[in-house]
Amino acid sequence: MPRFYCTRPVDGIARIEGEDARHITKSLRMTPGERMTVCDGACHDYLCEIESVGETVVLKVLEQRDSESEPTIDLHLYQALPKGEKMEFIIQKAVELGAVSVTPVLTSRCISRPDFKSMEKKLLRYQKIALEAAKQCGRGRIPQVRPLLSFDEMLLEQTRYDISIMFYECGGLPLQKLLMSQYREISLLVGSEGGFSETEAMQAEAGGMRAATLGKRILRCETAPVAGISIIMNLTGNM
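Numbering of the sequence shown is given in this note's numbering, commencing with residue 1 and proceeding in unit increments.
There could be a bad hint or two in this list.
Calculated pairs, DSBU-like style, for lysine-lysine (alpha carbon to alpha carbon, straight line, at most 35 Å) [to be verified]:
#: 1; residue 1: Lys-122; residue 2: Lys-216
#: 2; residue 1: Lys-216; residue 2: Lys-83
#: 3; residue 1: Lys-60; residue 2: Lys-177
#: 4; residue 1: Lys-128; residue 2: Lys-86
#: 5; residue 1: Lys-26; residue 2: Lys-135
#: 6; residue 1: Lys-83; residue 2: Lys-122
#: 7; residue 1: Lys-128; residue 2: Lys-83
Ranges of calculated distance between the beta carbons of each label pair, as one might list FRET restraints [what the hints assert, rightly or not]:
#: 8; residue 1: Glu-19; residue 2: Lys-177; range: 40 to 48 Å
#: 9; residue 1: Thr-213; residue 2: Leu-156; range: 43 to 51 Å
#: 10; residue 1: Arg-15; residue 2: Pro-174; range: 43 to 51 Å
#: 11; residue 1: Ala-42; residue 2: Ile-218; range: 33 to 41 Å
#: 12; residue 1: Pro-174; residue 2: Pro-32; range: 33 to 41 Å
#: 13; residue 1: Lys-26; residue 2: Gln-144; range: 25 to 33 Å
#: 14; residue 1: Glu-70; residue 2: His-23; range: 22 to 30 Å
#: 15; residue 1: Ser-108; residue 2: Arg-35; range: 52 to 60 Å
#: 16; residue 1: Thr-31; residue 2: Glu-70; range: 25 to 33 Å
#: 17; residue 1: Glu-205; residue 2: Ser-150; range: 12 to 20 Å
#: 18; residue 1: Leu-156; residue 2: Leu-28; range: 43 to 51 Å
Treat the hints as calculated values from the structure; they're not laboratory data. The structure presented is a predicted model; accordingly, all values stated were derived computationally and were not measured. Each residue gets a CB set at the ideal place from its N, CA and C atoms; glycine is no exception.
Go ahead and model the full structure; you've got the sequences and the hints to work with.
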């Protein structure tokens, strides 16, 4: 059954506009009487029946239910900015695996160092990738790609989480030992191509972050977040 996002239905009526409405009308060629699932982006799904199509698709809500696709944890990925298009791949896979936000971080070893204006353009594309990934995998909410942070700004945010984890190639505990307790809010910091400097690792530890390892093999910066999120979701019963 087709699935689309819209704002919360009002008085039993949902409306879809813009690109999605054109896709429903022109590509899928759906007509009044056909049914689809609509999500309000706040973990609620609605079984709907089309009443009319056009620039705005109007739907009648038949049934409401809580989304079953969202994890029981909120996992926030902080990704040191990689070069090229790797960030797009990381965002797509992080959303598919259940992350609720992705935040680019500028560290001392980042090769890619965009200026403010070019980063603004990138963020628009990154958010679109997150939206498309959320649609594809049936997420109950649309994860946010947040503005670029410095390493120090990233550290200041870590106190808000139940546990903050940093993948560090020079050592750390396996994830199963770090996640022996029940946590609701988890942050995960992953390095760029060059990893983290010793100074950054020390600052992270002093700021309360826990160093973790993904084994004896050093993974690429686009592989590590996929592996890490997968393991965390499995350990918390969300895979």
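Right, here's what the structure says about each hint:
no.	hint	verdict
1	Lys-122 to Lys-216	holds, 34 Å
2	Lys-216 to Lys-83	holds, 24 Å
3	Lys-60 to Lys-177	violated, 49 Å
4	Lys-128 to Lys-86	holds, 15 Å
5	Lys-26 to Lys-135	holds, 18 Å
6	Lys-83 to Lys-122	holds, 12 Å
7	Lys-128 to Lys-83	holds, 19 Å
8	Glu-19 to Lys-177: 40 to 48 Å	holds, 46 Å
9	Thr-213 to Leu-156: 43 to 51 Å	violated, 25 Å
10	Arg-15 to Pro-174: 43 to 51 Å	holds, 48 Å
11	Ala-42 to Ile-218: 33 to 41 Å	holds, 39 Å
12	Pro-174 to Pro-32: 33 to 41 Å	violated, 55 Å
13	Lys-26 to Gln-144: 25 to 33 Å	holds, 29 Å
14	Glu-70 to His-23: 22 to 30 Å	holds, 24 Å
15	Ser-108 to Arg-35: 52 to 60 Å	holds, 53 Å
16	Thr-31 to Glu-70: 25 to 33 Å	holds, 31 Å
17	Glu-205 to Ser-150: 12 to 20 Å	holds, 18 Å
18	Leu-156 to Leu-28: 43 to 51 Å	holds, 46 Å
In this structure, the earlier hints numbered 3, 9, 12 are contradicted, and the remaining ones agree with it.
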